[in-house]
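Engineer: Please take these sequences and the hints and turn them into a complete structure.
If you use our numbering, the sequence shown corresponds to residues 1 to 386, in order.
No lab work stands behind these hints: they were computed from the structure. Think of the CB as a built atom: it goes at the ideal place given N, C-alpha and C, for glycine as much as any other residue. Careful: at least some of the hints might be erroneous.
To be verified - Here are the simulated distance ranges between beta carbons:
1) Leu157 - Ile105: 23 to 29 Å
2) Ala90 - His53: 26 to 32 Å
3) Leu74 - Asp219: 44 to 50 Å
4) Gly203 - Ile146: 24 to 30 Å
5) Val205 - Glu104: 25 to 31 Å
6) Ala283 - Val86: 31 to 37 Å
7) His53 - Ser76: 36 to 42 Å
8) Gly115 - Gly71: 22 to 28 Å
9) Phe204 - Tyr229: 20 to 26 Å
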Amino acid sequence: MAGRTKRGIVADWWWGVDRWFLAAFLTLLVGGLVLSFAASPPVADRIGVEPFHFVKRHAMFLVPSILVMLGASLLSPRGVRRVALVTLGAAIVLMMLTLFIGTEIKGSRRWIDFGPIGLQPSEFMKPSFVVICAWLFAEKARRPEIPGNLFAIILLLMVMGLLVAQPDLGQTILTVAAWGGLFFMSGMPWIWVGGLAGLAVSGFVVAYTVFPHVASRLDRFLTGEGDNYQTETAYQAIIHGGWLGQGPGEGTVKRLLPDSHTDFAFSVIAEEFGVVTCMALAAVFCFIVTRGLSVALSRRDVFSRLAISGLVFLFGFQSIINMAVNLQLMPAKGMTLPFISYGGSSMLAVALTAGFVLALTRREPQNRSQTDRLLARTYALQAQSA
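Structural biologist: In structure tokens, the structure reads:
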């Protein structure tokens with residue numbers, strides 16, 4: 001174990017990292033792998049591959065995801081900004097290319113193939129977008145002559161345009177929601193908040209009018225008529241599971257869900273492990289968000305405060321949307337449950353989000369507690385007298 005007086009990178013990281021955050025993220029990562037044994041075999045059987053095909057692929061992405069999270073957690077706040085800027089630039093370029101050379105799936109172009117590997121650039125755009133917008137808002141607060149707010153609005157419109165063009169309305173709503181939380185926390189006047197909220201409502205009305213699939217999903221959700229097969233089946237899986245579930249591998253309704261390993265993994269968890277397990281899982285997500293906001297409010301640095309808040313907003317909103325769709329509280333959005341649902345791009349991008357949170361909440365060596373400093377001084381004196 002690294003000593004308290006040792007000034008290495010790993011030692012400083014270990015004594016400075018928020019271990020509650022680290023434990024929560026690792027719990028979700030490992031839990032996602034375990035739960036994939038329940039959610040993915042029926043899908044594998046349906047498409048004619050060996051039963052644990054998706055489990056193995058989930059495990060394959062688990063190690064890189066942990067490495068991405070731990071690597072990002074070593075960054076300084078300046079390093080987080082730099083990595084976010086490079087990632088955002090690359091993601092925007094790839095999102096543009098996706099519109100022309102991306103793989104079309106169900107009428108949308110969201111994926112771009114690099115040989116046998118498929119990548120969804122919009123997943124990596126989200127955490128880097130939040131960090132850069134937090135930096136722009138912070139710079140505006142620090143130096144009023146810098147038009148940080150204007151640049152953040154322009155960046156939002158650019159990202160929204162690319163997402164709508166794919167089209168990916170679920171990610172658009174998620175990105176706008178996280179940006180709105182940042183905008184509110186940056187201390188903008190209420191007239192600005194109200195005006196942008198009005199624009200968001202107008203955008204939703206336009207989406208309902210322009211995109212037939214958006215209107216169809218909303219109409220089916222409100223009226224209950226039409227093809228609601230997946231959401232209704234997912235809800236039945238939750239009901240079938242009851243409080244304690246049917247037991248590992250004993251779920252039957254899950255076999256009827258085409259996307260049981262991705263968008264509807266929460267329903268599979270409910271059927272096999274029960275509502276109690278789902279409540280515990282939701283509690284972990286809630287803990288991450290509430291602790292993130294609590295730590296953010298204690299930060300004096302405006303950038304760190306906004307970036308931590310924006311990242312946990314992103315994490316929390318995505319979790320809420322996925323669980324709400326499974327519970328038939330929202331129209332289907334095609335949103336994964338962070339670290340739980342199958343998906344390489346999603347896992348790596350959420351790991352980057354978690355790494356940024358760990359980096360920005362890390363206690364720097366000079367900010368250690370008084371007890372740590374006294375212990376370090378005592379060890380130093382003992383070493384000199386020896």
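Engineer: Could you see if the CB distance from Gly115 to Gly71 stays within 22 to 28 Å?
Structural biologist: holds, 24 Å
Engineer: CB of Gly203 to CB of Ile146, is that within 24 to 30 Å?
Structural biologist: holds, 27 Å
Engineer: Is 26 to 32 Å a correct range for the gap between the Cβ atoms of Ala90 and His53?
Structural biologist: holds, 30 Å
Engineer: Using the beta carbons of Val205 and Glu104, state whether their distance is inside 25 to 31 Å or not.
Structural biologist: With a Cβ separation near 27 Å, Val205 and Glu104 satisfy 25 to 31 Å, so the hint holds.
Engineer: Can the suggested window of 23 to 29 Å be confirmed for the beta-carbon pair Leu157 and Ile105?
Structural biologist: Holds, since Leu157 and Ile105 (Cβ atoms, about 26 Å apart) stay within the stated range.
Engineer: Holds or violated: the 44 to 50 Å window for the beta-carbon distance between Leu74 and Asp219?
Structural biologist: holds, 49 Å
Engineer: Okay, His53 versus Ser76 on CB: inside 36 to 42 Å?
Structural biologist: At roughly 40 Å between Cβ atoms, Ser76 and His53 fall inside 36 to 42 Å, so the hint holds.
Engineer: Check the following: the C-beta atoms of Ala283 and Val86 are separated by a distance inside 31 to 37 Å.
Structural biologist: holds, 35 Å
Engineer: Between Phe204 and Tyr229, is the Cβ distance one that fits in 20 to 26 Å?
Structural biologist: holds, 25 Å
When held up to the earlier numbered hints, the structure conflicts with none and fits them all.
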